[in-house]
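Heads up: the protein sequence lines correspond to chains A and B, in order. Heads up, the first sequence is in my numbering, so the first residue is 1 and it goes up one at a time. Heads up, the second sequence is in my numbering, so the first residue is 1 and it goes up one at a time.
Be careful, since some hints might not be right.
When the alpha-carbon atoms are kept at most 30 Å apart in a straight line, the in silico BS3-like pairs for lysine-lysine are as follows [stated by the list, open to error]:
1) K264(B) / K169(B)
2) K49(A) / K211(A)
3) K208(B) / K114(B)
4) K266(A) / K264(B)
5) K213(A) / K208(B)
6) K124(A) / K213(A)
7) K264(B) / K56(B)
8) K69(A) / K28(A)
9) K213(A) / K28(A)
10) K151(B) / K169(B)
11) K28(A) / K140(B)
12) K140(B) / K169(B)
13) K264(B) / K151(B)
14) K211(A) / K69(A)
15) K264(B) / K140(B)
16) K9(B) / K124(A)
17) K140(B) / K266(A)
18) K28(A) / K49(A)
19) K264(B) / K124(A)
20) K44(A) / K140(B)
21) K208(B) / K123(A)
22) K56(B) / K123(A)
23) K140(B) / K151(B)
24) K208(B) / K56(B)
25) K28(A) / K56(B)
26) K213(A) / K123(A)
27) K211(A) / K264(B)
28) K69(A) / K49(A)
Read the hints as simulated data drawn from the structure, not as lab findings.
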Amino acid sequence: MLANLIGRFFQGILVLFVLFTVTFFLIKALPGGPFKSAEKAIPKHIREKIEAYYGLDQPVQVQYFRQLKNLLHGDPGLSLRLEGREVTEIISQAFPVSLRLGLAAMAIAICVGIPLGVIAAWKKNTLLDYSAMALAMIGICIPAFVIGPLLADQFGRRMNLLPAMGWDPTDPTSWVLPAVTLGLATAAYLSRLTRAGMLEILSQDYIRTAKAKGVGSFRMLVRHCLRGGLIPAVAFIGPAFAGIISGSVVIESVFAMPGLGMHFIKAIEVGDSPVILGIVMLYGTLIIIANFLTDLLGLWLNPRLRKS
Amino acid sequence: MEKSSSLWKDAGHRLSRNHAAMVSVVALFLIIAACIILPAIPEFIQDPDLQNLPNKNIAPSAGHWFGTDHLGRDILSRVLSGGRISIAVGLITTLVSVSIGVCWGALSGYAGGKTDAFMMRVVDVLYALPFLIVVILLGKTLEPLTAQLTKLAVAWFSPPGSASAAINKTTAWVEPITTLVPLFIAIGALSWLTVSRIVRAQVQSVAKQEFVEAARSLGLGHFRILFRHILPNTLGPIIVYTTLTIPGVMLLEATLSFLGLGVKPPYSSWGILIDEGANRMLSNPWLLFFPTLFFATTLFALNFLGDGLRDALDPKSAKD
Numbered sequence: 001m002l003a004n005l006i007g008r009f010f011q012g013i014l015v016l017f018v019l020f021t022v023t024f025f026l027i028k029a030l031p032g033g034p035f036k037s038a039e040k041a042i043p044k045h046i047r048e049k050i051e052a053y054y055g056l057d058q059p060v061q062v063q064y065f066r067q068l069k070n071l072l073h074g075d076p077g078l079s080l081r082l083e084g085r086e087v088t089e090i091i092s093q094a095f096p097v098s099l100r101l102g103l104a105a106m107a108i109a110i111c112v113g114i115p116l117g118v119i120a121a122w123k124k125n126t127l128l129d130y131s132a133m134a135l136a137m138i139g140i141c142i143p144a145f146v147i148g149p150l151l152a153d154q155f156g157r158r159m160n161l162l163p164a165m166g167w168d169p170t171d172p173t174s175w176v177l178p179a180v181t182l183g184l185a186t187a188a189y190l191s192r193l194t195r196a197g198m199l200e201i202l203s204q205d206y207i208r209t210a211k212a213k214g215v216g217s218f219r220m221l222v223r224h225c226l227r228g229g230l231i232p233a234v235a236f237i238g239p240a241f242a243g244i245i246s247g248s249v250v251i252e253s254v255f256a257m258p259g260l261g262m263h264f265i266k267a268i269e270v271g272d273s274p275v276i277l278g279i280v281m282l283y284g285t286l287i288i289i290a291n292f293l294t295d296l297l298g299l300w301l302n303p304r305l306r307k308s
Numbered sequence: 001m002e003k004s005s006s007l008w009k010d011a012g013h014r015l016s017r018n019h020a021a022m023v024s025v026v027a028l029f030l031i032i033a034a035c036i037i038l039p040a041i042p043e044f045i046q047d048p049d050l051q052n053l054p055n056k057n058i059a060p061s062a063g064h065w066f067g068t069d070h071l072g073r074d075i076l077s078r079v080l081s082g083g084r085i086s087i088a089v090g091l092i093t094t095l096v097s098v099s100i101g102v103c104w105g106a107l108s109g110y111a112g113g114k115t116d117a118f119m120m121r122v123v124d125v126l127y128a129l130p131f132l133i134v135v136i137l138l139g140k141t142l143e144p145l146t147a148q149l150t151k152l153a154v155a156w157f158s159p160p161g162s163a164s165a166a167i168n169k170t171t172a173w174v175e176p177i178t179t180l181v182p183l184f185i186a187i188g189a190l191s192w193l194t195v196s197r198i199v200r201a202q203v204q205s206v207a208k209q210e211f212v213e214a215a216r217s218l219g220l221g222h223f224r225i226l227f228r229h230i231l232p233n234t235l236g237p238i239i240v241y242t243t244l245t246i247p248g249v250m251l252l253e254a255t256l257s258f259l260g261l262g263v264k265p266p267y268s269s270w271g272i273l274i275d276e277g278a279n280r281m282l283s284n285p286w287l288l289f290f291p292t293l294f295f296a297t298t299l300f301a302l303n304f305l306g307d308g309l310r311d312a313l314d315p316k317s318a319k320d
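Could you build the full structure based on these sequences and the hints that come with them?
Here is the structure:
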């Protein structure tokens, strides 16, 4: 187990290194550049000075190793788009917002999606199943940029129950609408995958044996089916979790929230490489951790795998 | 071999008895047929790009069944001609992504050990790569190819010596497809990651079951064991995830068109129409309602068809 853990740690570092290298050269290949915007053209001699200030006039390999060294020291440097702001500062302000929002959304998604999928599989091809799955499909068919404004309008402006927009860390009611909007699609995915996974298990011989032995249906569902039935949903949760806590542009723009997603998009638009690299490395780390935890959870759900 | 043909025959028979699946097949057929055939009949459907400002923002009525938008364009024709693009993009991308994902995940899960670790670390890297940057670069790289493809397709459909009006019409018909398809094949080739992780997890759990051991002791090769005996037992989650990928791709297309990478105006797609409709949903709700209706009906149908297929192909239900 310990050897496994150490192995995964070094694999993770290798993944991050490859990720850094590929992303760095992808950014370099982007057309345009941070100081070459078409709208407000900067005079050439000024642009050259700015680029020299940020070291963008140096050969690519020099920039690559400087950037790598900076990251190893845990400091990606200064943003090129937001003048004078450190990447670490941007991330440490925006990430907690996205993290909290993502955690709330994921909690909603798991609490709604998995029970819905289990019930649908248990009562397969009944009205209950069809209604649960129709509900899930509505969550999938109606995109967040439609559901979000509708919820904000209904519960925020008309009924005046919850804040329609904005982010107040001290006021949990301001998280409700964005978290629900963000969690709905994930809940829908989870319920579909849980149903599918449960159906695979429910048709297995050992379930028939359990039934024949007189195990009650609810007990059988929880003790015998849930573990195996959750395998596909868990494989989905890992990466989805990393994605959901690292920011969502749609939710942030609908509810005016200062999260990480908008910074990322804006940074890509202008080729702000320190910010892009900072966020990509953060996201990569989250993905590695999430997939590692998913694999561990998979081992727990799947006792047959542990023997080998 | 006789046995395998009866497997498919059985499945077809079981599928045909599933009412939800059969209704879905009919609905899908009607939508696809309407999107392909009707926009080509000018008497029935007006030009989707025809602007008619005096007729702007009309609610659904006898003249315009689905109403008109802020430029007086007929929503019915826009929904139908946009559907062609959305369906093409959704199906092609999903096909590419699911095929790669299933093979990658199945091999990784079946091989285990170092191969599995390597394949899954590749997935980790690809997950974290900034998708948007890759797509922007792909769009730029593929541009010459798509231009060439459009030319070829136009030449293929219009015989030499056609009138320029006819050529323009053919161009308008093929251009949105030929410019998008290469990009979305490439996107499909990048977005198989979650499928592969799901398939890997399922394969790992099935591969340890007794019947696989039995197959191995009969001397069956790895390839046959994996693709004939293990994968059919993981079909449920694969089919479900496939039907979940399609709406994602269709909406992604709308997001990309903001970056100038998706459908270019005046052409349209369901994703773009839903997006435009969402901006005016409180004042002109029909702009959102009709594209969403078509989008949702297609997805519901695909979904019930997928569930029906899963039930029909389930090796365990053969005796029922």
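Status of the hints after comparison with the structure:
1. K264(B) / K169(B): With a Cα-Cα distance of about 16 Å, the restraint between K264(B) and K169(B) holds, given a limit of 30 Å.
2. K49(A) / K211(A): violated (77 Å)
3. K208(B) / K114(B): holds (18 Å)
4. K266(A) / K264(B): It holds: about 22 Å lies between the C-alpha atoms, which stays within 30 Å.
5. K213(A) / K208(B): holds (24 Å)
6. K124(A) / K213(A): holds (22 Å)
7. K264(B) / K56(B): holds (22 Å)
8. K69(A) / K28(A): Given that 30 Å is the threshold and the Cα spacing comes to 18 Å, the pair holds.
9. K213(A) / K28(A): violated (65 Å)
10. K151(B) / K169(B): holds (13 Å)
11. K28(A) / K140(B): Distance ~14 Å between K28(A) and K140(B) Cα, so the pair holds.
12. K140(B) / K169(B): holds (26 Å)
13. K264(B) / K151(B): holds (17 Å)
14. K211(A) / K69(A): Roughly 61 Å separates the two Cα atoms, so the pair is violated.
15. K264(B) / K140(B): Distance of about 14 Å is within 30 Å: holds.
16. K9(B) / K124(A): OK: K9(B) and K124(A) at ~24 Å, within 30 Å.
17. K140(B) / K266(A): holds (19 Å)
18. K28(A) / K49(A): Satisfied, since the Cα-Cα distance of roughly 19 Å is no more than 30 Å.
19. K264(B) / K124(A): Violated. K264(B) to K124(A) sits at ~43 Å, over the 30 Å cutoff.
20. K44(A) / K140(B): With Cα atoms ~26 Å apart, K44(A) and K140(B) stay inside 30 Å; holds.
21. K208(B) / K123(A): OK: K208(B) and K123(A) at ~28 Å, within 30 Å.
22. K56(B) / K123(A): violated (49 Å)
23. K140(B) / K151(B): At roughly 18 Å apart (the allowed maximum being 30 Å), K151(B) and K140(B) satisfy the hint.
24. K208(B) / K56(B): Since the Cα atoms of K208(B) and K56(B) sit roughly 63 Å apart, the hinted pair is violated (cutoff 30 Å).
25. K28(A) / K56(B): violated (45 Å)
26. K213(A) / K123(A): holds (21 Å)
27. K211(A) / K264(B): At roughly 58 Å apart (the allowed maximum being 30 Å), K264(B) and K211(A) break the hint.
28. K69(A) / K49(A): holds (23 Å)
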